[in-house]
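**Q** Sequence:
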Amino acid sequence: MAAEGQVGAGAVPLTRREPTEMDRMLRGLRKFIRKKPMGVFGASIAIILAFSAIFAEVIAPHGYTANTPRVMEGPSVQHFLGTDQFGRDTFSRLVYGARVSMLVGVAVTLAGTMPALMLGVMSAHFGGRFDYFLQRIVDTFLAVPYLILLISIMMILGPSLLNVIVALALRRSIVESRVMRGAAMTIINNPYIEAAQSLGATNMRIMLRHIIPNLMPTLIVLGSIGFAGVILAEASLSFLGFGVPPPTPSWGGMLAADGRAYMFAAPWMLIGPTMALSVTVFGINMFGDALRDVLDPRLRGTA
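Each residue of the sequence shown is one higher than the last, beginning at 1 in our numbering.
Hints may contain errors.
[Stated by the list, open to error] Derived CB-CB ranges, DEER-like:
1) Phe-86 to Gly-128: 58 to 66 Å
2) Arg-260 to Ala-201: 52 to 60 Å
3) Ile-59 to Met-216: 30 to 38 Å
4) Gly-200 to Met-155: 47 to 55 Å
5) Leu-142 to Met-216: 19 to 27 Å
6) Met-275 to Ala-66: 21 to 29 Å
Hints were generated in silico from the structure; no laboratory data involved. Glycine is no exception: its CB is placed at the ideal position from the N, C-alpha and C atoms.
Could you put the whole structure together from the sequences, leaning on the hints where they help?
**A** Next comes the structure, spelled out in structure tokens:
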């Protein structure tokens, strides 16, 4: 008789299953939720903003230009956040305003971050006169105050949604190339870049295969943190009358045209867009900070 606890000859030994890619992703997600609760809150705000922008027609009970007989009526069952001076539903205009904010944020992040990446990498890689002249252009843009520069561009182009995207993306691509240049300089000094050069790799191959892939974490963090700033800049331009023209709703435009004029007679017209803008900017900033802590090796594992 075999000794107690001895495995029989026909028994199949238990083997430990190797974790799949999905298991690793779920483990990383659980770790992120446990260690970065404010980042999860910010991600939830970003998801709500995206959901509102995509399904605005379904969520909003009224169209953003639909007039009702109830002019400047306070919050009620029919109108969650009241109505404005034209009888338009404030909640519906907030939902459609999220579409403008989301569109501007995504478009400016894509149209501004990618040129900033290419300019920064080329400036760091080629150096010399190209780097010198490009950085002087960046210094010129940095010398002009942010809002003054945007207003100047909008006065030349004219107020429209497309021109707002062009103005914000132009400044973002020039200024943020300085950040990408600094990150690329640290990568260029690594030995594997010298090894690629000694093997005869072209400049384009070195930039595309060795420098840009290592800049992706920095690019993601830069885009996520700057996303909230883009939304705030669009609201500032709309507040000053240089942004999206009416009747298209914008949170900044709602604050300027409606909320400021009737802030005492109908305070809900001011409170709604103010809270939406504040919560959105705060949440996206928290999400960007959490991504920076996770993706930046220098901050990974710190308190």
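**Q** State for each hint whether it applies.
**A** So, going through the hints one by one against the coordinates:
1. For Phe-86 and Gly-128, the Cβ-Cβ distance of about 60 Å falls inside the hinted range of 58 to 66 Å, so the restraint holds.
2. One distance hint, 52 to 60 Å for the beta-carbon pair Arg-260 and Ala-201, holds here, with the actual separation near 58 Å.
3. Checked against the hint of 30 to 38 Å, the C-beta distance between Ile-59 and Met-216 comes to roughly 34 Å, which is consistent with it.
4. At about 51 Å, the beta-carbon gap between Gly-200 and Met-155 stays in the expected band of 47 to 55 Å.
5. Leu-142 and Met-216 have their C-beta atoms about 25 Å apart, which keeps the hinted 19 to 27 Å range intact.
6. Distance hint check for Met-275 and Ala-66: the Cβ-Cβ separation is about 23 Å, which falls inside the suggested range of 21 to 29 Å.
Of the numbered hints given earlier, the model fails none.
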